[in-house]
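Undergrad: What follows is each chain in one-letter form.
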Amino acid sequence: MIRVRLPDHLCSLSGAEREVELSVNGKPTQQLVLDALELRFPALKGALRDPQTTRRRPFVRFFACGEDLSHQPMDLPLPLAVANGDEPFLVIAAIAGG
Amino acid sequence: MAGVRVLVGTRKGAFILSSDERRKQWSIAGPHFAGWEIYHMKGSPVDPDRIYASQSSPWFGQHLQRSSDGGITWDPVGNEFAYDGAAMTHQWYDGTPRPWEFKRVWHLEPSGLDPDEVYAGVEDAALFKSKDGGLTWKELSGLRNSKTGSSWQPGAGGMCLHTIVLDPKSNGQIFVAISAAGVFRSDDEGETWKPANKGLVSNYIPDPTAEVGHCVHKIAMHKSRPEVLFMQKHWDVMRSDDSGENWHEISGDLPTDFGFAIDVHAHEPETIYVIPIKSDSEHFVDGSLKVFRSKTGGFEWEPLGKGLPQSNCYVNVLRDAMAVDSLDSCGIYFGTSGGQVYASSDSGDSWEAIVRDLPPVLSIEVQTLK
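As given, the protein sequences belong to chains A and B, one line each in that order.
Quick note: the first sequence, position 53, residue 54 per our numbering, numbers continuous.
Quick note: the second sequence, position 180, residue 224 per our numbering, numbers continuous.
Rather than coming from a laboratory, the hints here were simulated on the basis of the structure.
Keep in mind the model is a prediction, meaning the values are calculated, not measured.
Watch out, some of these pointers could steer you wrong.
[Stated by the list, open to error] SDA-like, lysine to any residue: derived pairs with alpha carbons at most 25 Å apart:
(1) A:Lys-46 with B:Tyr-127
(2) B:Lys-56 with A:Ala-44
(3) B:Lys-173 with A:Pro-8
(4) A:Lys-46 with B:Lys-56
(5) B:Lys-191 with B:Asp-176
(6) B:Lys-147 with A:Pro-8
(7) B:Lys-182 with B:Glu-145
(8) A:Lys-46 with B:Gln-354
(9) B:Lys-182 with B:Val-245
(10) B:Lys-56 with A:Val-25
(11) B:Lys-339 with B:Ser-370
(12) B:Lys-175 with B:Val-245
(13) B:Lys-56 with A:Arg-58
(14) B:Lys-213 with B:Thr-315
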């Protein structure tokens, strides 16, 4: 199972817990994890990725294992520690503003 | 029980203020959607328990919420606003062409016929319609595709379609207002559109009487006289007596004719309200907060400040932040950038704060409950 940790705003939007567990068919990638997340919590459609372009929203970041994965290809396999559930996949609301 | 429900959209959530018809004791529910910008909420005229809310965030984009129990519980509905057809451009601030890009929903206008039918005015300016209670949205693209669309430019607040006025007689007429393009009218339920800005004079554009390019802030109509429209423009308060074919200025003796909000008394179609502010940079009037009322359809205005702060007050009232109820003694409501919501239960003669310390108020709508 993949563990995905969500920021508070997205929990209130979707009714999800702060951490949710998702199963993904095949080798997990960012794309597959986000697809599975939106499938389970449809209210998150458009919150992480622009619904038209499907690109990551500028102030949303994806971290795991101490690394920023946001700029990696969406179809790149996630680190093994995320794939086997030892480490969470973190959805981060970027600090922006003053 | 008869009463009123005031729907308040703020920078950090939604609040619902409720009272019986005496409008003396208020209950305050919220924040709903805490931490999110609520640009607008509005209830269906057909089913007042059906309420739509525009929820957005610079982080997480646009979302739409729908309530079927008067705002107690909410369900997310559709948030895909896909522009129709081939990519088009409008003018950017520097005059270069720029593709349309969806940013947010500014205004929701439920139809007077069906609680599942609702219009959305969005930035970049376009009009969308849902026939299934907000689950799916389709652009009425005749507006953007009309001959002036490529020349529209954003105002300081973005290129937003912020006002939708539906003909209460349901003969297919719709008015919209866009900053900074102007007013547009459709006579065929939104299929085709034409500019309705003749008579507007805007000295901040190269041709002050151009067909489009006017920074219209808000238009209002009394449901008994759909041919009469009132407008608060960037500067100037205006009036049309022929469904937007021609406009003339009615600023009269206002201390300043800059402002955002304008509305019409529920029972007196010649009684109108504005909240003037000093200028486009000084969004206040000399430290005192006053609503101005004209009982003559314009020109002659009286200040209404009883119960409102008259010193050291420097708040603003945004375009969608004033509304009226339709109880026998008409109630007037407005919300401020300082988080106050003021109400008058005597047509504006006197005012009281319902609540004083909300986040900055973006919008106010009122439902009169029978």
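Undergrad: Are the hints correct? Go through all of them and say.
TA: For each hint, the structure was consulted:
no. : hint                     : in the structure
1   : A:Lys-46 with B:Tyr-127  : 18 Å, holds
2   : B:Lys-56 with A:Ala-44   : 19 Å, holds
3   : B:Lys-173 with A:Pro-8   : 31 Å, violated
4   : A:Lys-46 with B:Lys-56   : 21 Å, holds
5   : B:Lys-191 with B:Asp-176 : 30 Å, violated
6   : B:Lys-147 with A:Pro-8   : 22 Å, holds
7   : B:Lys-182 with B:Glu-145 : 15 Å, holds
8   : A:Lys-46 with B:Gln-354  : 47 Å, violated
9   : B:Lys-182 with B:Val-245 : 34 Å, violated
10  : B:Lys-56 with A:Val-25   : 35 Å, violated
11  : B:Lys-339 with B:Ser-370 : 17 Å, holds
12  : B:Lys-175 with B:Val-245 : 37 Å, violated
13  : B:Lys-56 with A:Arg-58   : 20 Å, holds
14  : B:Lys-213 with B:Thr-315 : 21 Å, holds
When held up to the earlier numbered hints, the structure conflicts with 3, 5, 8, 9, 10, 12 and fits the remainder.
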